[in-house]
Amino acid sequence: MDIQNPVKKKSNRLAEIAAGKTFPTETHDVLKSEEPLLEVSGFNLSYGAKQALFDINMIIPKGKVTALVGPSGCGKSTLLRSINRINDLLSTVRINGEMKLNGEPVYAPAVDVIELRKRMGMVFQKPNPFPMSVYENVIYSLRIDGERNKSVLDEVCERSLRGAAIWEETKDRLNESALGMSGGQQQRLCIARAIAAEPEVLLMDEPCSALDPIATNKIEDLIADLRGDYTIVIVTHNMQQAARVSDYTAFMYLGRLIEYGPTSTIFQNPHLQETQDYVTGRFG
Amino acid sequence: MSSRPLEKSVRPRRQRSRVSLFAQGEPMIWLTGGGLAVALCMIIGLLLLIFCNGIATLWPAPVPQFQTSAGSVYMGEVTRAESFRSNDEKVRVLQRKLVRTGNYEISGEHFVWISDHDIKAETRPEWALVIERTAWGRFYGFPEGFTLGGDTVASTPEAAWEMFNKHHRAVSERREKIRELETHEIGRVNRRLETARLNLRTVELRDGKDSPAWQAEHAKFLETEKAVTAKFATLQEEIVRLRAENSRYVLNLKTAQGKAVAMPLSDIVRAYPANQLSFIGKAGIYFSRWHEFLLGEPREANSEGGVFPAIFGTVIMTLLMSLAVVPFGVMAALYLREYAKPGLIVSAVRISINNLAGVPSIVFGVFGLGFFCYFIGASIDELFYASSLPNPTFGKGGILWASLTLALLTLPVVIVATEEALSAVPNSMREGSYACGGSKWQTIKRIVLPRAMPGIMTGMILAMARGAGEVAPLMLVGAVKLAPELPVDSIAPFVHAERSFMHLGFHIYDLGFQSQNSEAAKPMVFTTTLLLIVLIFLLNLLAVRLRSRLRRKFVSAAF
Chain A
131 MDIQNPVKKK SNRLAEIAAG KTFPTETHDV LKSEEPLLEV SGFNLSYGAK
181 QALFDINMII PKGKVTALVG PSGCGKSTLL RSINRINDLL STVRINGEMK
231 LNGEPVYAPA VDVIELRKRM GMVFQKPNPF PMSVYENVIY SLRIDGERNK
281 SVLDEVCERS LRGAAIWEET KDRLNESALG MSGGQQQRLC IARAIAAEPE
331 VLLMDEPCSA LDPIATNKIE DLIADLRGDY TIVIVTHNMQ QAARVSDYTA
381 FMYLGRLIEY GPTSTIFQNP HLQETQDYVT GRFG
Chain B
711 MSSRPLEKSV RPRRQRSRVS LFAQGEPMIW LTGGGLAVAL CMIIGLLLLI
761 FCNGIATLWP APVPQFQTSA GSVYMGEVTR AESFRSNDEK VRVLQRKLVR
811 TGNYEISGEH FVWISDHDIK AETRPEWALV IERTAWGRFY GFPEGFTLGG
861 DTVASTPEAA WEMFNKHHRA VSERREKIRE LETHEIGRVN RRLETARLNL
911 RTVELRDGKD SPAWQAEHAK FLETEKAVTA KFATLQEEIV RLRAENSRYV
961 LNLKTAQGKA VAMPLSDIVR AYPANQLSFI GKAGIYFSRW HEFLLGEPRE
1011 ANSEGGVFPA IFGTVIMTLL MSLAVVPFGV MAALYLREYA KPGLIVSAVR
1061 ISINNLAGVP SIVFGVFGLG FFCYFIGASI DELFYASSLP NPTFGKGGIL
1111 WASLTLALLT LPVVIVATEE ALSAVPNSMR EGSYACGGSK WQTIKRIVLP
1161 RAMPGIMTGM ILAMARGAGE VAPLMLVGAV KLAPELPVDS IAPFVHAERS
1211 FMHLGFHIYD LGFQSQNSEA AKPMVFTTTL LLIVLIFLLN LLAVRLRSRL
1261 RRKFVSAAF
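If you read the protein sequences in the order shown, they are chains A and B.
Taken in order, the first sequence gives residues 131 to 414; the numbers are from this note's numbering.
Taken in order, the second sequence gives residues 711 to 1269; the numbers are from this note's numbering.
Source of the hints: derived by calculation from the structure; they are not laboratory data.
Built from N, CA and C at the ideal position, the CB exists for glycine as well.
One or more hints might be untrue.
To give an idea of the interface, some chain B residues facing chain A are shown, with a C-beta separation under 7 Å as derived from the structure [to be verified]:
1) C1146
2) S1149
3) Q1152
Computed list of lysine to any residue pairs in SDA-like fashion (alpha-carbon distance at most 20 Å, straight line) [what the hints assert, rightly or not]:
4) B:K1051 with A:A179
5) A:K256 with B:S1138
6) B:K1263 with A:R303
7) B:K1150 with A:P239
8) B:K936 with B:E947
9) B:K1263 with A:E306
10) B:K1263 with A:M262
11) B:K1150 with A:I244
12) B:K1155 with A:R278
13) B:K1150 with A:V243
14) B:K1155 with A:R273
15) B:K1150 with A:V223
16) B:K1150 with A:M262
17) B:K1263 with A:L304
18) B:K1051 with A:T222
19) B:K1051 with A:R224
20) A:K348 with A:D377
21) B:K1051 with A:L220
22) B:K1106 with B:A1096
23) B:K1150 with A:D377
24) B:K930 with B:R901
25) B:K1155 with A:E266
26) B:K1051 with A:D218
27) B:K1155 with A:I244
28) B:K1051 with A:L219
29) B:K1263 with A:D302
30) B:K1150 with A:D218
31) B:K1150 with A:L220
32) B:K1263 with A:S312
Only part of the chain B face toward chain A is listed, based on derived beta-carbon distances under 8 Å [stated by the list, open to error]:
33) Y1049
34) K1051
35) G1147
36) I1157
37) R1161
Isolated chain A (complex conformation) (with noise of 0.2 Å):
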């Protein structure tokens, strides 16, 4: 991909990762004193001959809020399904790198990979309800580990809708169908049935981008309901949007990791230029 618009400002590193060259991320000193959940080391990924992430180094800290930010088809989604093994469902995904959740590898061969994904819930661009009532969809996770007492799905429902802040509006129709609610709502419930599992990260993929402003205004408050509760790794194109619910921040560009650090550092006072002239909307 090209820069459209080339910066005014002359900026190399842009011009050679075009070019095909890769350096080393600008990781911020303060990432170093936090406590890793999710560490990535030499990750490379490639979409049959396409390679689509570059060496990505990085850690994401336990019970905070990190966001991937980047032009399109930085890989920023790429890297988010990588945490979950939703690329491997495509079979010309290669990968070699390595990927540990609290310590355990995620690629290695004897990892099943179910039990992996029960420990990770994910939120998807489009709001994905599955076609049945709003209450089979919350604890859709239980139902397939086949968890049959009807107390504990309940509570774990009531619960999880609590959590995504959609109880008030969904109690007095759990048993209707999901496909019936608003975009937003329908939204919130794919977070209740994100987090229904009590996973141990929260993969959120553009979780906004479908939605209206006020909709959107009402997942933002509950993400920052849920942190501390929960580590989130949010992808968004919306850098405001990334300024106000992140703690951390990742600058991505053409599948390498450029910049990572504090958020309020990377949108007032960025180490590298490149990163200072995407937040500032001067490219992408």
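Assemble chain B onto chain A, guided by the hints.
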């Protein structure tokens, strides 16, 4: 960028209009709309033709009497009129009528062509009676009198007609009773004897003819045979008694040509004075005929009477076929779409399945006959029904084999429709399930299949429509002209999958092309076709309603 739009606007108008016709797409609207209109016209025309002819067949027509210039007299219903080219030089084109004169046993023909210019006089005799009989086709004549046990009790048309109405119901009931005894009661007795014989044969095959077991079984058989013979004699006696009672009632008739005929009341199914009937009277005859058509059994080589066995056979066969084809089709499509790695082999398989839909149906019939009837059926016979050999039980055409053959025939339809439905399930739903820790099968079972169910139902509807209308393969694997027993009845094990059956499609073919009296059967072809279409429509309606319920439940995604 800035000055270009201005330049554009000063372009001469003419240049734009040169491309505008096709650019606007106006001709394409007309072309596509025209295509739809032609298709609709043909379909509606066909349906209208079938509907109008089918619905009118059973309406009672008046019975005129024609006197020709040659001196002959004909009486009957006018079924058709057409123009024809005559040999006469002066009058080139003439009109003629096809008159159903009936009385086959006297005149030797059912229909007569009468040229309009030969007709000297046309009258509508008040007492022209149309009589539908159990044999020999219709009779047209005048009532003259009524004989009861040899005594003449009426000698005017009015009195004879009154006597007929008084006694006909009782006589018909006795006739039905005789038929019931002949088919069901005697059948039951025969079945008892047959069961005993099969038991004996089983013991003989197992232990040999000299064993004590055989001796015991043989004694039992002889006992049964004795009991059965006695029962048989009682039944025969009863039948003879009923027949004797019925033969006392005789309607004396006279044909239009003046020939006297004495007709036993038991031969008469229905009679009416056609020219006297009011509209309500005609409607009564009409509905009585529909009642017989829908619920009765066929008579007179299928050209008269009802088609109930055929309706029943068609419905049961279609349901059995759906039961067989849907699970297999769905499983095959699931593997192709969800499990198989896309590639050359999968594409080849897919193309082959699509091509399978183009194989002539008679080929499937031949395959069904060879594989199901002669191979699988014969093997089943050898294993489980050895005692009744050489009579085949499953080793011949039957409703099970017919259903399976049609299931094979319609399998591509279901596979293709299911594959479409599966590929229409959004990937985001699958991913959502995987992200929750669902395995592949859990995802398919809980998310993909419910969501694809309406599409699968569409496949089933198409398969049903295709299967119910198919005739050619059925002729080889089990559809017959006249099946003595229904494939489902009250005798254990209730569903007799090995029995041959009647089918409306085959019935239509049989009526139209195999009937001896095809001119009389022709209107029935329309009626039966109408019935088949209505039946398929109803089956489809059922499936469509089921589908829309599923769709409301699973697919009404709103975002």
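Are B:K1155 and A:I244 close enough, with their CA atoms no more than 20 Å apart? OK: B:K1155 and A:I244 at ~16 Å, within 20 Å.
When you check the alpha-carbon spacing of B:K1051 and A:D218, does it fall within 20 Å? holds (14 Å)
Measuring from the C-beta of B:S1149 to each C-beta in chain A, is the shortest one below 7 Å? With a closest approach of 6 Å, the B:S1149 hint holds.
Taking 20 Å as the top limit, are the C-alpha atoms of B:K1263 and A:D302 close enough? holds (18 Å)
Are the Cα atoms of B:K1155 and A:E266 separated by 20 Å or less? Distance of about 14 Å is within 20 Å: holds.
Measure nothing beyond the straight line between the CA atoms of B:K1150 and A:I244; if it is 20 Å or shorter, mark the hint as holding. Within the cut-off at roughly 10 Å; holds.
Against chain A, is B:Q1152 within 7 Å by beta-carbon distance? holds (5 Å)
Between B:K1150 and A:D218, does the CA-CA distance stay at or below 20 Å? Cα-Cα ~13 Å, so holds.
B:R1161 was flagged as interface toward chain A. Is the shortest Cβ-Cβ separation under 8 Å? holds (5 Å)
Measure nothing beyond the straight line between the CA atoms of A:K256 and B:S1138; if it is 20 Å or shorter, mark the hint as holding. holds (8 Å)
Can you confirm whether the C-alpha distance between B:K1263 and A:L304 stays at or below 20 Å? At roughly 14 Å apart (the allowed maximum being 20 Å), A:L304 and B:K1263 satisfy the hint.
For the pair supplied as a hint, B:K1051 and A:L219, is the alpha-carbon distance within the 20 Å limit? holds (11 Å)
Taken one by one, the earlier hints fail for this structure at numbers 23, 33, listed in ascending order.
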